[in-house]
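J.: Each chain, letter by letter, is given below.
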Amino acid sequence: MQEKLVEFANLLRENGVRVSLAETLDAFSASEVTGLAERDAFRAALRATMVKRASELPVFEELFDIYFSGLGEIIKQASQAVQNALSMSDQEFQKFLDQIEKMLQKEGKNLSELAKQLLQNNSGEMERKIREAARAVKLSGIERTIEENYFARALARQLGLDKIEAEIKQLREQLEQMDIGSELKAKIEEYLERRLKALDDIIRRYVRMEREKRDIKQKEDQRLNQIGEKSFYYLTEEELKKMNEAVTRLAQRLKNVITVRRKRSKKGRFDIKRTLRQNLAFGGVPFKLRFEKRKKEKPQVVILCDVSDSVRNASRFMLQFVYSLQDLYSRVRSFIFVADIGEVTECFRNNDAKEALDVALTGDIINVYAHSNFGYAFRNFVTDHLGAVNKRTTVIVLGDARNNYNLPHDWCLREIRQRAKKVIWLNPESRNTWGFGDSEMERYAPHCDLVEECRNLNQLYRVVDRLVAG
Amino acid sequence: MFSSIEDVIERFAKNNYIASRRIATVIYLASELRKPILVEGPAGVGKTDLAKVLAASLGFEMIRLQCYEGLDEGKALYEWEYAKQLLYTQILKDKISEVLVGAKGLTEAVDRIAAQDEVFFSERFVLPRPLLKAISSEQPSVLLIDEIDKADAEFEAFLLELLSDFQVTVPELGTIKAKHIPLVVLTSNNAREMSDALKRRCLHLYIDFPDRAQELAIVKLKVPEAAAKLAEEVVTVVQSLRKLDLKKTPGISETLDWVKALTLLNVNSLDQELVTETLDTIVKYEGDVRKAQEELKDYVRRVRARRGTEAGSDKDLLN
Chain A
1 MQEKLVEFAN
11 LLRENGVRVS
21 LAETLDAFSA
31 SEVTGLAERD
41 AFRAALRATM
51 VKRASELPVF
61 EELFDIYFSG
71 LGEIIKQASQ
81 AVQNALSMSD
91 QEFQKFLDQI
101 EKMLQKEGKN
111 LSELAKQLLQ
121 NNSGEMERKI
131 REAARAVKLS
141 GIERTIEENY
151 FARALARQLG
161 LDKIEAEIKQ
171 LREQLEQMDI
181 GSELKAKIEE
191 YLERRLKALD
201 DIIRRYVRME
211 REKRDIKQKE
221 DQRLNQIGEK
231 SFYYLTEEEL
241 KKMNEAVTRL
251 AQRLKNVITV
261 RRKRSKKGRF
271 DIKRTLRQNL
281 AFGGVPFKLR
291 FEKRKKEKPQ
301 VVILCDVSDS
311 VRNASRFMLQ
321 FVYSLQDLYS
331 RVRSFIFVAD
341 IGEVTECFRN
351 NDAKEALDVA
361 LTGDIINVYA
371 HSNFGYAFRN
381 FVTDHLGAVN
391 KRTTVIVLGD
401 ARNNYNLPHD
411 WCLREIRQRA
421 KKVIWLNPES
431 RNTWGFGDSE
441 MERYAPHCDL
451 VEECRNLNQL
461 YRVVDRLVAG
Chain B
1 MFSSIEDVIE
11 RFAKNNYIAS
21 RRIATVIYLA
31 SELRKPILVE
41 GPAGVGKTDL
51 AKVLAASLGF
61 EMIRLQCYEG
71 LDEGKALYEW
81 EYAKQLLYTQ
91 ILKDKISEVL
101 VGAKGLTEAV
111 DRIAAQDEVF
121 FSERFVLPRP
131 LLKAISSEQP
141 SVLLIDEIDK
151 ADAEFEAFLL
161 ELLSDFQVTV
171 PELGTIKAKH
181 IPLVVLTSNN
191 AREMSDALKR
201 RCLHLYIDFP
211 DRAQELAIVK
221 LKVPEAAAKL
231 AEEVVTVVQS
241 LRKLDLKKTP
251 GISETLDWVK
261 ALTLLNVNSL
271 DQELVTETLD
281 TIVKYEGDVR
291 KAQEELKDYV
301 RRVRARRGTE
311 AGSDKDLLN
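Just so you know, the sequences run in chain order A and B.
Read in order, the letters of the first sequence are residues 1 to 470 in the working numbering.
Read in order, the letters of the second sequence are residues 1 to 319 in the working numbering.
The hints are simulated quantities; they were obtained by calculation from the structure and are not laboratory data.
There is no bait here: all hints are sound.
Only pairs whose alpha carbons sit at most 25 Å apart, straight line, appear in this in silico DSS-like list of lysine-lysine:
1. Lys288(A) with Lys84(B)
2. Lys248(B) with Lys354(A)
3. Lys260(B) with Lys14(B)
4. Lys163(A) with Lys185(A)
5. Lys291(B) with Lys354(A)
6. Lys288(A) with Lys75(B)
7. Lys243(B) with Lys354(A)
8. Lys354(A) with Lys297(B)
9. Lys293(A) with Lys150(B)
10. Lys293(A) with Lys75(B)
11. Lys288(A) with Lys273(A)
Some chain A residues flagged as far from chain B (calculated, every beta-carbon gap over 12 Å):
12. Asn84
13. Leu196
14. Glu343
15. Leu361
16. Arg419
17. Trp434
Which chain A residues face chain B? A few, computed with CB under 7 Å, are given here:
18. Ala22
19. Ala41
20. Ala44
21. Ala48
22. Phe282
This one's a predicted model, so the numbers in the text were calculated from it and none came from an experiment.
Glycine included, every Cβ here is placed at the ideal spot set by N, Cα and C.
Please construct the entire structure, taking both the sequences and the accompanying hints into account.
T.: This is the structure:
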């Protein structure tokens with residue numbers, strides 16, 4: 001059993017579940033407590049000891065089913081199929097098997113072990129034999145669909161399938177000479193035929209199952225990775241959903257880092273004066289130490305997000321990110337613009353993400369069907385909202401800087417930067433198109449502290465990393 | 001201790017807790033292997049209750065440590081009672097002068113006082129907090145460390161010694177080993193991912209929202225006075241609400257609150273008006289309330305349609 005558990009732990013690991021050695025040992029002792037006979041308890045024991053993340057539970061459940069009932073189940077089904085083909089009831093089949101066994105005792109002296117087990121429907125022993133053979137041919141190394149045939153053949157050879165075929169053929173010849181009713185003879189003949197086919201079937205299905213085991217997590221990983229590299233512009237509905245999760249996780253990560261940082265700076269220097277004063281009551285013996293309280297510097301963020309048609313898909317994500325950021329810091333003010341500029345802070349605060357985004361993008365706050373005009377938007381921001389920016393504020397601009405040949409008014413950005421702590425521009429357009437056509441990126445970039453291309457999730461990750469570090 | 005998984009289920013049932021076989025297995029394992037259990041899952045599925053019932057069903061004392069941001073060793077493990085120490089020095093002033101009689105020079109005086117040090121740093125002046133209490137308890141106990149995800153990562157690291165070796169170190173007193181290894185239950189709402197080191201030391205139990213049948217059984221057990229039909233309807237509604245994208249998904253406790261409230265109002269069956277009036281027992285945010293109302297309108301419409309095809313006897317309920 002231990003061997004099987006170690007193998008299962010390896011399998012979990014291959015599929016991305018982190019199982020440590022200590023946890024495998026726990027699984028041993030846990031499975032000793034519950035025993036194996038009762039499947040649910042055994043499953044619960046492994047689940048509690050080997051899987052520590054809720055997100056990994058589906059993988060575990062799937063693998064458990066495949067691994068612990070896999071081969072046994074396949075053998076059972078194959079045998080069931082044989083029984084069905086002979087159209088016998090359970091009782092009849094059992095009786096029939098008894099007859100076969102008797103016959104084998106008489107005639108099958110030179111049959112191989114596996115052939116006997118196959119014909120007598122001894123599934124436990126068969127399972128053991130097949131697993132042994134699988135180890136011998138290193139079936140666990142299978143990776144791709146096209147290898148299935150190769151491994152199936154190797155496994156069949158290892159099991160000595162051709163020998164069994166010959167043996168069964170011989171058995172049929174012996175059968176001809178036996179003195180039993182022709183009806184029974186036909187039945188047995190069919191049985192032998194079907195059994196042989198069943199073994200072939202078992203091998204094939206087992207090999208496929210092994211391949212699938214290694215596939216579950218891989219597919220998922222590949223998918224996520226692909227989404228990471230895929231531009232915001234070309235995402236399908238389902239990918240959008242996945243992306244939302246990723247963005248939320250990203251914000252969470254940012255939050256974790258920031259919380260730790262704030263914690264570290266909580267205690268200031270030793271404050272002698274206050275310590276002495278506080279401890280006067282104890283005759284000047286410093287029982288209670290006092291520290292200077294550091295002023296908490298709350299990070300302030302102002303976000304200007306372009307929501308024009310040209311960046312529609314990207315801006316949804318940017319807004320989602322803005323929303324998460326706003327959840328994170330208490331002092332975030334969010335603005336959206338096309339030509340007009342409008343504040344969405346309140347709207348984001350009072351609605352959940354999806355609703356807030358809908359409100360922001362349907363034109364209730366600003367006219368989103370206009371042509372983008374960054375210059376106009378910046379000028380309006382400077383006239384109406386410049387008060388939102390002070391020397392502790394980080395201003396983040398999200399947009400492609402496609403200004404439709406309007407006046408760029410880059411002096412506004414300069415003004416913003418003079419007041420702000422930092423100006424960051426994230427552009428969802430590829431870097432080598434900046435400055436061409438109506439793109440005013442070249443004009444705006446000198447007024448920013450950081451300009452980044454941000455057209456997919458991986459880039460967003462990198463930007464966040466840089467923001468957190470800086 | 002428990003004798004088997006069935007025993008866990010039975011004893012929990014006696015304490016009004018319906019434990020699924022999976023939960024019972026983990027509890028049984030924890031008691032057999034002496035491992036802490038880390039219980040995770042959405043809010044309101046009975047994680048804290050699990051610890052309470054565990055204590056009750058074994059007849060153990062329950063010691064609870066509620067975690068929060070900034071919780072430190074002093075609050076969780078022990079503190080020196082400075083004031084009491086100070087008071088004792090004042091009272092014992094005479095004794096101190098006796099000790100110091102004949103001391104030559106400052107050095108010797110300090111040495112003499114230092115020799116008496118352990119008087120002041122002994123268990124007499126230690127104020128045990130939940131963790132030390134659980135470790136030094138004369139009786140076996142259940143230690144609940146609630147909402148561990150709210151505590152800081154440093155605190156989590158500090159817990160590791162306790163959870164793997166069941167001992168704590170007080171610098172002045174040395175290492176204190178547990179007389180009875182407590183059964184430890186940690187709960188987490190997943191506000192923060194727990195470290196691998198912590199997870200490795202624990203059995204992991206993920207409790208999700210119960211399915212319809214389970215939830216119905218829980219309602220019947222906890223609010224036996226509720227009308228059967230009402231219980232069924234409430235459970236159906238709550239189950240469908242959980243499928244919505246809500247800011248705060250209603251937990252079992254909310255279901256129970258709602259059933260209790262409706263039962264108090266002498267209601268046998270849900271109708272539109274009542275639902276609107278009492279909805280805030282289960283849904284806590286304004287945005288959620290709106291969404292829930294939409295869903296409920298649908299629900300009542302469906303029920304009405306179904307009843308219409310049955311018989312006219314239920315007219316009174318929905319008009």
